[in-house]
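Undergrad: These are the residues of each chain, in order.
Protein chains: 2
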Amino acid sequence: MEFYQDFKLGILGGGQLGRMLIQSAVDLNLYVCTLDPDKEAPCAKIAHEFILGDPTDYETVYKFGKDKDLITIEIENVNADALQALANEGKKIFPQPSCIKTIQDKRLQKQFYRNNSIPTADFELINDIDELSKFPHLFPAFQKLGKSGYDGRGVQQLNSVSDLSKAMDGPSLIEKQVDFEKEISVIVARNIKGEKEHFPVTEMIFHPVHNLVEYLMAPAQITEAQKKEAVEIAEKVIESLGMVGLLAVEMFLTKEGKILVNEAAPRPHNSGHQTIEANFTSQYEQLLRAILGLPLGSTKQLKPAAMVNLLGADGYSGLAKYEGLNDVLGIEGVHIHLYGKKITKPFRKMGHITILDDEISGLKQKADLVKERFRVIA
Amino acid sequence: MEFYQDFKLGILGGGQLGRMLIQSAVDLNLYVCTLDPDKEAPCAKIAHEFILGDPTDYETVYKFGKDKDLITIEIENVNADALQALANEGKKIFPQPSCIKTIQDKRLQKQFYRNNSIPTADFELINDIDELSKFPHLFPAFQKLGKSGYDGRGVQQLNSVSDLSKAMDGPSLIEKQVDFEKEISVIVARNIKGEKEHFPVTEMIFHPVHNLVEYLMAPAQITEAQKKEAVEIAEKVIESLGMVGLLAVEMFLTKEGKILVNEAAPRPHNSGHQTIEANFTSQYEQLLRAILGLPLGSTKQLKPAAMVNLLGADGYSGLAKYEGLNDVLGIEGVHIHLYGKKITKPFRKMGHITILDDEISGLKQKADLVKERFRVIA
Numbered sequence: 001m002e003f004y005q006d007f008k009l010g011i012l013g014g015g016q017l018g019r020m021l022i023q024s025a026v027d028l029n030l031y032v033c034t035l036d037p038d039k040e041a042p043c044a045k046i047a048h049e050f051i052l053g054d055p056t057d058y059e060t061v062y063k064f065g066k067d068k069d070l071i072t073i074e075i076e077n078v079n080a081d082a083l084q085a086l087a088n089e090g091k092k093i094f095p096q097p098s099c100i101k102t103i104q105d106k107r108l109q110k111q112f113y114r115n116n117s118i119p120t121a122d123f124e125l126i127n128d129i130d131e132l133s134k135f136p137h138l139f140p141a142f143q144k145l146g147k148s149g150y151d152g153r154g155v156q157q158l159n160s161v162s163d164l165s166k167a168m169d170g171p172s173l174i175e176k177q178v179d180f181e182k183e184i185s186v187i188v189a190r191n192i193k194g195e196k197e198h199f200p201v202t203e204m205i206f207h208p209v210h211n212l213v214e215y216l217m218a219p220a221q222i223t224e225a226q227k228k229e230a231v232e233i234a235e236k237v238i239e240s241l242g243m244v245g246l247l248a249v250e251m252f253l254t255k256e257g258k259i260l261v262n263e264a265a266p267r268p269h270n271s272g273h274q275t276i277e278a279n280f281t282s283q284y285e286q287l288l289r290a291i292l293g294l295p296l297g298s299t300k301q302l303k304p305a306a307m308v309n310l311l312g313a314d315g316y317s318g319l320a321k322y323e324g325l326n327d328v329l330g331i332e333g334v335h336i337h338l339y340g341k342k343i344t345k346p347f348r349k350m351g352h353i354t355i356l357d358d359e360i361s362g363l364k365q366k367a368d369l370v371k372e373r374f375r376v377i378a
Numbered sequence: 001m002e003f004y005q006d007f008k009l010g011i012l013g014g015g016q017l018g019r020m021l022i023q024s025a026v027d028l029n030l031y032v033c034t035l036d037p038d039k040e041a042p043c044a045k046i047a048h049e050f051i052l053g054d055p056t057d058y059e060t061v062y063k064f065g066k067d068k069d070l071i072t073i074e075i076e077n078v079n080a081d082a083l084q085a086l087a088n089e090g091k092k093i094f095p096q097p098s099c100i101k102t103i104q105d106k107r108l109q110k111q112f113y114r115n116n117s118i119p120t121a122d123f124e125l126i127n128d129i130d131e132l133s134k135f136p137h138l139f140p141a142f143q144k145l146g147k148s149g150y151d152g153r154g155v156q157q158l159n160s161v162s163d164l165s166k167a168m169d170g171p172s173l174i175e176k177q178v179d180f181e182k183e184i185s186v187i188v189a190r191n192i193k194g195e196k197e198h199f200p201v202t203e204m205i206f207h208p209v210h211n212l213v214e215y216l217m218a219p220a221q222i223t224e225a226q227k228k229e230a231v232e233i234a235e236k237v238i239e240s241l242g243m244v245g246l247l248a249v250e251m252f253l254t255k256e257g258k259i260l261v262n263e264a265a266p267r268p269h270n271s272g273h274q275t276i277e278a279n280f281t282s283q284y285e286q287l288l289r290a291i292l293g294l295p296l297g298s299t300k301q302l303k304p305a306a307m308v309n310l311l312g313a314d315g316y317s318g319l320a321k322y323e324g325l326n327d328v329l330g331i332e333g334v335h336i337h338l339y340g341k342k343i344t345k346p347f348r349k350m351g352h353i354t355i356l357d358d359e360i361s362g363l364k365q366k367a368d369l370v371k372e373r374f375r376v377i378a
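In the order they appear, the protein sequences are chains A and U. So the first sequence is numbered by full-length UniProt numbering: it starts at 1 and just counts up by one. So the second sequence is numbered by full-length UniProt numbering: it starts at 1 and just counts up by one.
FYI, nobody ran anything at the bench for these hints, they're computed from the structure. Given the structure is predicted, the values throughout are model-derived calculations rather than measurements. Incorrect hints may have been included.
The list treats identical chains as interchangeable, and a pair is accepted whether it falls inside one copy or across any two copies.
Listed below are the simulated EDC-like cross-link pairs for lysine to aspartate or glutamate, each with C-alpha atoms no more than 16 Å apart in a straight line [unchecked claim]:
(1) K147 / E131
(2) K300 / D358
(3) K196 / D6
(4) K321 / E89
(5) K193 / D54
(6) K227 / E203
(7) K228 / E332
(8) K371 / E59
(9) K321 / E2
(10) K236 / D69
Chain A with its partners taken away, still in its complex shape (with noise of 0.2 Å):
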């Protein structure tokens, strides 16, 4: 069956990576199914069909895969279990489950980079709490639960062994935090016959506080060195899962100049947003090349790229509104892109920034003025 005519597309999770892929799933004529559990989701408007459900729960996702020619995902919070049973039937699913399970449970995940001598930050895994004071070495650390970690939930930051009030109780990893000079990632697809590409490394810049990328910055501004070495690790991660699919490779470029890989996402990610704009071929359509079986697309990037994150202004909840559309609009190589959610929270993800510039200095320029000029409030 080819794809481009009465082929069903379904997409577990329906946020705003789903929402861009379905973007860009228009072009090669995909009929796009999604799977979310909150009705006003991201995708609930644009995706062919849209299942209200719930991801994460055995019997509903593999009711969904069942009818589906191929299956993807844009969280990997999903029930990987009934996508190992509809891949035993013969249904294709990229990611593979077993990628997903090891990338899903972060003390899997990081116990296949120590298996694979893939370099990340010292840590040990621990059943409960009072385990901590095994590992003084390790301190201050991170403490991350195995499972249902997000955007900052399930990880805490600890400062020594006995700082057990701020703990959680349960099975989880303690790693060894990372004094890092930046944060840099790289995304790299593998398409079905093994063939690979990796995106220019972007940077990331965190908001102090909010665990959140407050801008990102592509090219990074790493050296050549530094760049292969990083584009190497993430190549190395994604053969060594043998995955089919998009990997994002999130990676410590730290104080000594050592490069460690944090965390890694199969699916799109926010590090890559701004390939929509600025290179020959985006993410999202490099995902669907690489699950579908065509070749994958040149991601050379036509211009130095920012993305900033518009997070819902804080102390603001309701329905949103964008405040300094019109300023941030008028300034020359801005692209909006806003992801349909009715209702503002502080720091909720509402959209994001691309902006274009033949100069990195003209880049963090137009991010500042974007960031000091745009606010998302109710």
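Chain A is fixed; fit chain U onto it per the hints.
TA: Chain U alone, transformed into the frame defined by chain A:
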């Protein structure tokens, strides 16, 4: 009411232009409703709301428009009287119904050029074919019916006054055939404040038989002075119309170096598809910016671009198959847009391919390769 929150944009026509307009409208959170008589129109599956109905029917258009916040078109063959009635009641309609009326009747359109001293080929209006003999100086000529001419329909080439067997009866115009060197196009936007922005001049290469664009290149390979003149003419057309929206002005560059307006379209246009990948702002986003009262976007071009229409191969009708997809998607800088049409027919526009390259010569090579390798068959 803000456009990004429960704001209903109505589009008359549900073809490929509407489809790409919807892809762009998603970024602005617009709720898009489309009206088209074909239940399998390119917009059918991707519009937020798809209404089956005839955009040339007064009652259908009037009813469709009643609950919309803003109405635009993706074809000019619509019931402009119904739009005028809605406008009289205060409904926002861009382009304005009066502009649509002037353009949709080729006789009115040509008179408009003459009345506004806009250079165009010599012509005369006739009411029946007996009048042909009055204007021997216009031959060889094109005879054009006033209404419903599109892609070669309603247009007839007449070699001489006595070529009566080919002539069409009814109110029409006869226009002196232009011996042109090149056919070019300028797309210009004008927003509610009267601000204008034009895209770089594009150059079209027509199929020698079927009168459809075969491929297109931007920027056009003409002199800077010619570019300036073409842009001035296009801006004069939109200004004289007083139109808000997007206007594609197709022009002939004659063998003597004169620029004459051929015809205009008050909507996104085939000669602007490449702006999706090649320019800071696409023609689709620019139309939305113009009619929503936003600042117009920069039209700067990132790289030279070519656009190849993917037409149904001659001799094939039925469920479309895309032959050579893998080959062409392996070419660097190639991006495909399939229009979601199930059925192919000879010369039906099934999609297009945009090609980016640093060099004009590279564009030509890749365009030739695409045409050689790719076929839409059944």
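Undergrad: What label fits K371 with E59 when the C-alpha limit is 16 Å: within, between, both, or neither?
TA: Result: close neither inside a copy nor across copies, 43 Å intra and 47 Å inter.
Undergrad: I want to check one pair: K321 and E2. Are their C-alpha atoms no more than 16 Å apart within a copy, between two copies, both, or neither?
TA: between (42 Å within a copy, 8 Å between copies)
Undergrad: Is it within a copy, between copies, both, or neither that the alpha carbon of K193 lies no farther than 16 Å from that of D54?
TA: Cα proximity of K193 and D54: none, with 32 Å in one copy and 47 Å across.
Undergrad: If the cut is 16 Å between Cα atoms, do K321 and E89 qualify within a copy, between copies, both or neither?
TA: Close neither inside one copy (47 Å) nor across copies (28 Å); limit 16 Å.
Undergrad: Indicate which option fits the pair K227, E203 if close means a Cα-Cα distance not exceeding 16 Å: within, between, both or neither.
TA: Intra 11 Å, inter 40 Å, cutoff 16 Å: intra-copy only.
Undergrad: Give the relationship of K196 and D6 under a CA distance limit of 16 Å: within one copy only, between copies only, both, or neither.
TA: neither (28 Å within a copy, 42 Å between copies)
Undergrad: Can you give me the call for K236 and D69, within, between, both or neither, at a CA distance of at most 16 Å?
TA: neither (29 Å within a copy, 52 Å between copies)
Undergrad: Measure nothing new, just compare the shortest in-copy and cross-copy C-alpha distances for K228 and E332 to 16 Å and report within, between, both or neither.
TA: neither (32 Å within a copy, 22 Å between copies)
Undergrad: For the identical chains here, do K300 and D358 meet the 16 Å Cα criterion within one copy, between copies, both, or neither?
TA: Both ways: K300 and D358 sit 15 Å apart in one copy and 12 Å across, limit 16 Å.
Undergrad: Between K147 and E131, at a C-alpha cutoff of 16 Å, which is it: within one copy, between copies, both, or neither?
TA: Intra 19 Å, inter 82 Å, cutoff 16 Å: neither.
Checked against the numbered hints given earlier, this structure breaks hints 1, 3, 4, 5, 7, 8, 10; the rest are met.
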